[in-house]
Amino acid sequence: MPTDASPPLRTRIRPYLLIAPTLVGAAYLLLYPVARNLVISVQHFRMAELIRGGAPFVGFDNYTTLLTDPKFWTVTLRTLGWTALNTVLITGLGTLVALMLVRLGRRMRLAVMSALVLVWATPVIAATTVFQWLFQSRFGVVNWALDQLGLHGYHDYAWFAHSGATFTVLVLLVVWQSVPFAALTLYGGLTTIPAELYESARIDGAGAWQTFRLVTVPVLRPLFALVTSLEVIWTFKCFAQIWVVSQGGPNGATTTLPVYAFQIAQNLHKYDLGSAASTLTVLILLAALVTTLRRMHRQEGAEA
Amino acid sequence: MNLPSTRALPSTRTPLAPRTPLAPRRLRRLPLNLAALAVLVTAAFPVYWMVATAFKPTAEIQSATPTFLPLHPTLDHFSTAIHAPGFGGYWRNSLLVTLGAVLLSLLVALLAAYAVGRLRWRGRRAFLLLVFTAQMAPWEALLIPMYVIARDTDMLDSLSMLTLVYFMTTLPFTIVTLRGFLAAVPAELEEAAQVDGCTRAAAFRRITLPLLAPGLLATSLFGFITAWNEFAFANTLIIKNQDARTLPVWLSSFANVFGTDWGATMAAATLFMLPVLLVFLFLQNKVTTGMTAGAVKG
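Going line by line, the protein sequences match chains A and B. Per numbering that gives the first Met the number 0, residue 0 is the first one in the first sequence, and the count goes up by one each step. Per numbering that gives the first Met the number 0, residue 0 is the first one in the second sequence, and the count goes up by one each step.
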């Protein structure tokens, strides 16, 4: 490119100087850990190797160990179920709340939106702690309310001692935390749809469901895709809530892949197996999102 | 939708409403408003319950019938939380790590956003793709290598390692958002200043930076929340030196800290939430103006 030779060197290298700090940061704090993770996953890397160093390579032994362990498959299936359930609930409820918001009067809408923002601003650990208190067995308000409603079986019910109940509380917690983002984003999208589209649909005699299916959904499709894939990533990787509430228990009933990887690494000091589990976690997540990711990259590529 | 339906179909509807005009409309809206009320209560109740519990005397907390308003409000639980061992230190740690990470990431991202938004260069598209990919990085999957790296470089139990990790987790998002905000500031303004004799850097500092302020604030809000909340890395990288722990880890171990003192736990959670809430309230205006500017221009 002959024209490139004309500007002074200073001008030509300026962009690269500006992005240098980002590249250095990404190399040390993202690419190196990723590479290190891959290396550890093909080594025999336990407590002794962590202290002494010099871990021997064992090929794909760690992956074989994991993939032949029935527990790994139970955890994987549970993680997929956990992700699907949460994502469906969050996107569904988020859509309903967004549709409700556009129909509300100004004051009521402001009140609901403020409450949603309040939830959004609640730190994860604070929310997790509050849910533990809400579902506390003796003085928890949920047990009291269920008891008042005539469900006397819930008097002093120990939610965190039963696997199904713990799982339910965790789903409620994650859904409660995530609906505000989905609802507010989709509401923002709904307000951009021109009223004429709805008017003409009405004139053509479309009912509420038809209008939603034929007008709202097509216009909001990119936004739905964005919200859904973000929620998939978010719930799939969800760690803090599960770890603080149950540490994967009781009896492993709430162990998802991130929790599983953490348990075998930190509690059992099998860093090699933990790294292999992390790698597999990422691969499964990528496989689940591959179409969305490709579409996003195409769009950004076109834009850039 | 709030459609002017009567205008669209004047003949079939009853625009002049011969009978009571308001009552049927109110009645029709009743289920909608009831649903809104249900959403409002469901969303707000857990937060309300946290704050209410924090103000209740222990006898009221441990009663068979819960009281929905604190009958005898007390500040005892806040005092317990504040006087808990290490409380001040954990606050300091959390603030240091959060502010350090946010400032570092704003600075580095500003440089990168300028390069991407204002300059043409080879590899720009590849760099952007790298940033977008990094935004989806599986951070939780990197707990083990990060631990090993921190251990190898003698950075275990140090707040600087935590700051660096949070800097990197918030950086891609910060670059993408700042690039959007920068696009909303016309490049012509900078060029005009350069024509008037400013250097490129001075033109940016004097013209663009002040206009970018709402964007910087909005972006730092999200970085602040992410770093302030982070639990997994704080829980993994700080192990032996308990004095270097951050608030989320401390709060999550409340059972050991307060036993079954739910009043103190809820007071601590309320205090933990306070900075995020304040930042949110303080910045909300600027965030919305910034967002609108970005949306209109972008």
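What the hints contain is simulated information worked out from the structure, not anything from laboratory work. Do not rely on the hints blindly, as some may be mistaken.
To be verified - Which bits of chain B does chain A cover? Going by a derived footprint, with three or more residues having C-beta under 8 Å, they are:
id : stretch
1  : 76–90
2  : 221–230
3  : 271–280
Unchecked claim - Listed next, with one range per pair, are the computed distances between beta-carbon atoms:
id : chain 1 : residue 1 : chain 2 : residue 2 : range
4  : A       : Arg294    : B       : Thr73     : 42 to 48 Å
5  : B       : Leu118    : A       : Ala83     : 41 to 47 Å
6  : B       : Gln193    : A       : Ala83     : 50 to 56 Å
7  : B       : Thr73     : A       : Ala19     : 54 to 60 Å
8  : B       : Glu190    : A       : Arg105    : 56 to 62 Å
9  : B       : Phe67     : A       : Pro221    : 30 to 36 Å
10 : B       : Gly88     : A       : Met46     : 27 to 33 Å
11 : A       : Ala19     : B       : Leu280    : 33 to 39 Å
12 : B       : Arg27     : A       : Asp203    : 37 to 43 Å
As the structure is a computational prediction, the values presented were derived from the model and not from experiment. All C-beta atoms in this analysis are idealised placements derived from N, C-alpha and C, irrespective of residue type, glycine included.
Verification of the hints:
{"no.": "1", "hint": "76–90", "verdict": "violated (count 0)"}
{"no.": "2", "hint": "221–230", "verdict": "holds (count 4)"}
{"no.": "3", "hint": "271–280", "verdict": "holds (count 5)"}
{"no.": "4", "hint": "A/Arg294 / B/Thr73: 42 to 48 Å", "verdict": "violated, 55 Å"}
{"no.": "5", "hint": "B/Leu118 / A/Ala83: 41 to 47 Å", "verdict": "holds, 44 Å"}
{"no.": "6", "hint": "B/Gln193 / A/Ala83: 50 to 56 Å", "verdict": "holds, 54 Å"}
{"no.": "7", "hint": "B/Thr73 / A/Ala19: 54 to 60 Å", "verdict": "holds, 55 Å"}
{"no.": "8", "hint": "B/Glu190 / A/Arg105: 56 to 62 Å", "verdict": "violated, 43 Å"}
{"no.": "9", "hint": "B/Phe67 / A/Pro221: 30 to 36 Å", "verdict": "violated, 43 Å"}
{"no.": "10", "hint": "B/Gly88 / A/Met46: 27 to 33 Å", "verdict": "holds, 30 Å"}
{"no.": "11", "hint": "A/Ala19 / B/Leu280: 33 to 39 Å", "verdict": "holds, 37 Å"}
{"no.": "12", "hint": "B/Arg27 / A/Asp203: 37 to 43 Å", "verdict": "violated, 23 Å"}
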